[in-house]
Structures are given as structure tokens and as C-alpha cells.
Amino acid sequence: MSIALRAGIRDPNSAGRRARRTHRTKTTVATGLAAVAAVYVLAPIYWLIVASSKSTGQLFSSSTFLPAGHLSWVENFRMLFSVDGGYFKYWIANSILYAVVTAALATAVSTLCGYALAKYRFRGRRLVLALVLGSLLVPSTALVVPLFLLEHDSGLINSYQGVILPLLVYPFGVYLMSLFVADAVPDTLVDAARVDGAGEFTAFWKVSRPLLMPGMVTLFLLSFIGTWNNYFLPLVLLGTSTRFPITVGLSAWASDLNQAGAGQPLYPEVILGSLVSVLPMLILFPFLQKYIARGLTFGAIVGE
Amino acid sequence: MSGPFLVLYGLFFLAPFVYSIVLSLRNPQTDAFAGLFNYRNVVGNGEFWSAIVRMAYFGVIQVTVMIALAIGLALLLDSPFIKGKKVFALAYFFPYAVPGVIAAVMWGFLLQPDLDNALKVPHALGLTSGAALNPLSYRFVIYAMMLIVTWEWAGYNMTILLTSLTSVPREVLESGRIDGASELALAWRIKLPMIRRTVAFITVISIIGTLQLFNEPVILNDIASIGSSYSPNQLIYNTAFSFGNEQLAAAQSIVLALITVLATASFYGIMRRRFDPLGLTRKGRR
Chain A
1 MSIALRAGIR
11 DPNSAGRRAR
21 RTHRTKTTVA
31 TGLAAVAAVY
41 VLAPIYWLIV
51 ASSKSTGQLF
61 SSSTFLPAGH
71 LSWVENFRML
81 FSVDGGYFKY
91 WIANSILYAV
101 VTAALATAVS
111 TLCGYALAKY
121 RFRGRRLVLA
131 LVLGSLLVPS
141 TALVVPLFLL
151 EHDSGLINSY
161 QGVILPLLVY
171 PFGVYLMSLF
181 VADAVPDTLV
191 DAARVDGAGE
201 FTAFWKVSRP
211 LLMPGMVTLF
221 LLSFIGTWNN
231 YFLPLVLLGT
241 STRFPITVGL
251 SAWASDLNQA
261 GAGQPLYPEV
271 ILGSLVSVLP
281 MLILFPFLQK
291 YIARGLTFGA
301 IVGE
Chain B
1 MSGPFLVLYG
11 LFFLAPFVYS
21 IVLSLRNPQT
31 DAFAGLFNYR
41 NVVGNGEFWS
51 AIVRMAYFGV
61 IQVTVMIALA
71 IGLALLLDSP
81 FIKGKKVFAL
91 AYFFPYAVPG
101 VIAAVMWGFL
111 LQPDLDNALK
121 VPHALGLTSG
131 AALNPLSYRF
141 VIYAMMLIVT
151 WEWAGYNMTI
161 LLTSLTSVPR
171 EVLESGRIDG
181 ASELALAWRI
191 KLPMIRRTVA
201 FITVISIIGT
211 LQLFNEPVIL
221 NDIASIGSSY
231 SPNQLIYNTA
241 FSFGNEQLAA
251 AQSIVLALIT
261 VLATASFYGI
271 MRRRFDPLGL
281 TRKGRR
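So the protein lines, in turn, are chains A and B. The numbering used here puts the first sequence at residues 1 to 304. The numbering used here puts the second sequence at residues 1 to 286.
No lab work stands behind these hints: they were computed from the structure. Just to be clear, a hint being listed does not mean it is correct.
To be verified - Sample of chain B residues facing chain A (criterion: CB under 8 angstroms; computed from the structure):
hint	residue
1	L8
2	L76
3	L77
4	P95
5	P99
6	L110
7	Y237
8	A240
9	A249
10	S253
Unchecked claim - Straight-line alpha carbon distances no greater than 27 angstroms define the calculated BS3-like cross-link-like pairs of lysine-lysine that follow:
hint	chain 1	residue 1	chain 2	residue 2
11	B	K85	A	K26
12	B	K86	A	K290
13	B	K86	A	K26
14	A	K206	A	K119
15	A	K290	B	K85
16	A	K26	B	K83
17	A	K290	B	K83
We treat Cβ as the ideally placed atom computed from N, Cα and C, and that holds for glycine.
This is chain A alone, in the form it adopts within the complex (with noise of 0.2 angstroms):
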């Protein structure tokens, strides 16, 4: 009897209080396994900010994770600003400028194509849509390699436009934007405006534009962080110091290092450096990642 009640009539709370333990305890195991990524993907930032506080020496003497005793900041930025010949103010403004210039036209390019593509039916578009995927496939040193022959030809060769035209061409923007455009613009409404008598551009500028807001912030923020972050192209094009953005002048005293009689090696210039270039974005980053991370997601989902 009291066998069979112990085993057939449970407290109908212990099974509830069971799943909740249950529950619990499967919480703690997967925020564990997500904060153990979290370290792997943190570690080398967190490592960025205690090791810009560090003198060369102490660089190589002080324990790697922690700050040392003495925090020398305030040396490192004003070395920073001042050896080299102060390059690193131009890289700063250099690839402030190359970003922002491009974002904003490489968006305005590839919006208009991108509406083209997905509201006209003339010839050749589907040849067009090839062009733009395939050139996904094209290796960056299959452009840029003749490019550099092309431009060394033209005078455009370390200019700022020399660097911003070709990122301008950016398919990926003009297919996001095809997308976009085919998902947030109904014919019906473009018709409407035909029909009201507007003309193409009016159409495009008055009815739909508004309605791919959305889209041309998350292309400008792609266009910028792709543009702050390329290291190729400019590297390729560009032979003055003062044209450099970050990244080219970052990588050039980072060659230094190792090279023997090329003076003082740069290390907390590097690391403080490496620093003031993702700050901006690690600032902004938590009110940009929606805008960005739709962005990818639209051209992967919908592209299947």
C-alpha cells in the first residue's frame, strides 16, 4: 500500500519542480558552452586594450592578460601621433574619407542598378544577373594585377579616386538591392505613379526611394565596414605614405619588426594603432549589427 503510493500517486508538484531543475540545469550548460565562445571571440580584443597601455618592454616582461604596473598610454598615443613622420593622422583621415566616399556612392550606384534589375524586364538582364554572381568567383588578383597596368597608364595610380573607383563596382550591393527592391517595392505602386504621369526618375525618386531607405542604410554600413577593412586594392595602388589608409600603414610597420635595421621596431605604435582602428566600430556596433546582419541575411536566405 504505501509502496504503491509512493510509486503511483507523485506530489504532482515534484515532477514540475523536477522540469524546472531540469530546465535549470540545461541553462547553465549552454550559456557555459555560448560564454566559452564568447571568450575565444573577446580574449584577443581584451588583450588589444590592456596590451596598447604597454611600453616595448614592458610588452615582452609583463604577464600577456594583465596590465602592467605602470600604464603608458599617454606616451603610446603621443609616439602614435608622432613617429613616422606623423603618418598615422593621414591613415586616420585617409580611410575615413575612402570609406564614406565610397559607401555613399558605391550605395547610389547599386541602388539604381539593383531597381533596374528588379522593376525593368529589358534585354540582356538576365546576362547582367550572371555577370553580377560570377563575379563573386573572380579572384581579387585577377583585377588587380591588370588594374595596376591600367591605372599606372591612365595617372590614376595613387590618387584617391584611383582607390575609390573600382570598389564602387560592388555586385553584391546591387544584388542585395535587386532583392530589396523586388521584396519592398509593389509594381503596382510604380504603375500608379505611371499612371499619375511621372515620369521614370520621379517614379524611382518620389514613390519608391522612400521605401528602400532601409535597404540603402544596411548597403552603406556594408560598403563602409568592406571598405575600411580592404587591404588589397590600396596596397596594390597606392606608393605614398600620406594616401595610406590604416590598414596599408599598419602593415607596413608591422614588416618593419622583424627586419633588421629598420630602425626602433613599432610595437605598442601597432598594437595602440590596431586599437583606434576598430574602437570606432566597436563604439557603434551594437546600434549598427540589425541593419548589417539583414543584410547578409537577405542575400543568403533569398539567394537559395
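Use these hints to put chain B onto chain A, whose structure you have.
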């Protein structure tokens, strides 16, 4: 309206690409038409092919690990057992905003025994013999590079997958739960099959990215002298700009483009046979 794009595309994409083909058919010394001279050189160039093989080895391991990690983390964050989901999603995605060059510098310093005292610990404890463990030595640097590239792109891929998971109908998951399916079973049997095309897409993008690796080997060569022909793109860059042989470099980059197309196409071929959306293969087997 696509006028501006097409003009720019023609000038800064099509023209260089066509010029690349023209260049690859010219003699490096005389610049006269030389037929397949440069291509014969590419075929017989051991350095080029070892760079390709190195990247194939790199890609098979790194892309697999990274995609598995991205899938794992996306399913983890999509499960009901996570606290602080948004914070984790933000943290994982952040490396996307870090330039590849900066990521390589950062990790390169972090993995250098001189700068990283933690790396000396196993040696001090007598766990390694001889010199202290050096992840940037020629033998290990390929794994160090896998660690770096995975750091850069796992979160990016996770982000795409996580958003893609929101398209899985919640009713399906709910009815699964009522039938007593565990979360693990739901993830494996329902969620994963529903995002398989997105998985295929990010895998293809990753394969293309591997064959085009440039920033990381260049920076690691600056920090740890691993050679200037470690990856195909790095080798092509040096052929053109250190040795001034743009013709051979053009031929190498065309061959690399063909290999990229081949790798992508064969991956899609395998995927088609494995997942077989039309059920053709299964019928054939019977």
C-alpha cells in the same frame, strides 16, 4: 538606371579581367603574343601548386570546423536555454567589423612566444622539450591561421544562420515539443534541415574565401617569416610586384579563378546528390 553601374563595371571590372586574359597570353620579356607559354609555366610551377594544396588542406579543416561551430552556436542561441542571447549574438558578430589585417596582427602578437608569457607555461612545466611551443613556427602556423580565420568569420556565418533560423515555423517546433521531442532532436531533425540551403551558401562563400586568402599570410609573414608564397594570392602578388612578371601573375590568377569555379561547382554537385531535392538519385538507385 543601371547605366552608372554598367559603365563602372565595364571600366573597373570587365576591362581589367579581359586585360588579365590578354596579359596572360603575352611573353614576359618581349610582351609579344606567346600563346600558352605562361600557362605552361603555371602548370610546371611547384610553388604555385603547393600553395593550392596548402589552401585545400587549410580549407577542408578550417571551413568544416568553422561551419560546424557556426551551426552549433546558432542552434545554441536559438534554443530556449540561453540567457543573454542578444549579448552573445553581438559578441560573436563583432569580429566582422575588425579588418583582416588587424585581426592577423592581433593574433600574430598574441601567438608569439616572446610576447605571450602564457605560451611559456607548458615549457616551464616540462611538458614540451627543446624550445618553447611556437604556434607561429612553420609547422604550426597553418593551424594558427585556421584559428585566426575561424575567429574572423565564424560569428559572421553564425549571424546569417541565426536570422535564417527565425524562418522555421514556431508551430512546427511547438507540436514537436508537445510530442515529447527533446530540444536536441528538434535542432537536429527540424531546424537544421530547414536551413540547409543557407548552410550550403555560406560554405560556398567560405570555400571561395579560402582560395583567396591574402591578408593573413602576408601579415603572418611580416611577423613570423612564413614565406611569400604561402597562399596562391600572396604568390601571385609577389610574382607581379616583387618580380615584375605581370604576365605570369595574370596566368596564375586565371588558373586560380578556374580552380575556384571548379571547387564551387563540385561542392554544389556533391550537395545536390546528398540532399537531392527532386529525389532523382534515390529513384535511380532502386
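* Go through the hint on S253(B) and say holds or violated, using the shortest Cβ distance to chain A against 8 angstroms. => 4 angstroms, holds
* Asked: Does L77(B) pass the interface hint, meaning its C-beta sits closer than 8 angstroms to a C-beta of chain A?
  -> 7 angstroms, holds
* Would the stated hint for Y237(B) survive a check requiring a Cβ distance to chain A of less than 8 angstroms? -> Since the shortest Cβ distance to chain A is 6 angstroms, the answer is holds.
* Status of the L76(B) interface restraint (C-beta, 8 angstroms, chain A) -> 6 angstroms, holds
* **Minimum beta-carbon distance criterion (8 angstroms), L110(B) to chain A** => 6 angstroms, holds
* Holds or violated: are the alpha carbons of K290(A) and K83(B) at most 27 angstroms from each other? -> Holds, because 19 angstroms separates the two Cα atoms, which is no more than 27 angstroms.
* Asked: Given the hint that K206(A) pairs with K119(A), does the C-alpha gap stay at or below 27 angstroms?
  -> 15 angstroms, holds
* Asked: Taking the least C-beta to C-beta distance, is P99(B) closer than 8 angstroms to chain A?
  -> Cβ of P99(B) sits 4 angstroms from chain A, so the hint holds.
* Measuring from the C-beta of A240(B) to each C-beta in chain A, is the shortest one below 8 angstroms? -> It holds, given that the least Cβ distance between A240(B) and chain A is near 5 angstroms, below 8 angstroms.
* Pair hint outcome, K86(B) versus K26(A) [Cα-Cα no greater than 27 angstroms] -> Cα-Cα ~18 angstroms, so holds.
* Pair hint outcome, K85(B) versus K26(A) [Cα-Cα no greater than 27 angstroms] -> Between K85(B) and K26(A) the Cα gap is close to 15 angstroms, so the pair holds against 27 angstroms.
* Can the hint on L8(B) be confirmed by a CB-to-CB distance to chain A that is less than 8 angstroms? -> 5 angstroms, holds
Every hint from the earlier list agrees with this structure, and none is contradicted.
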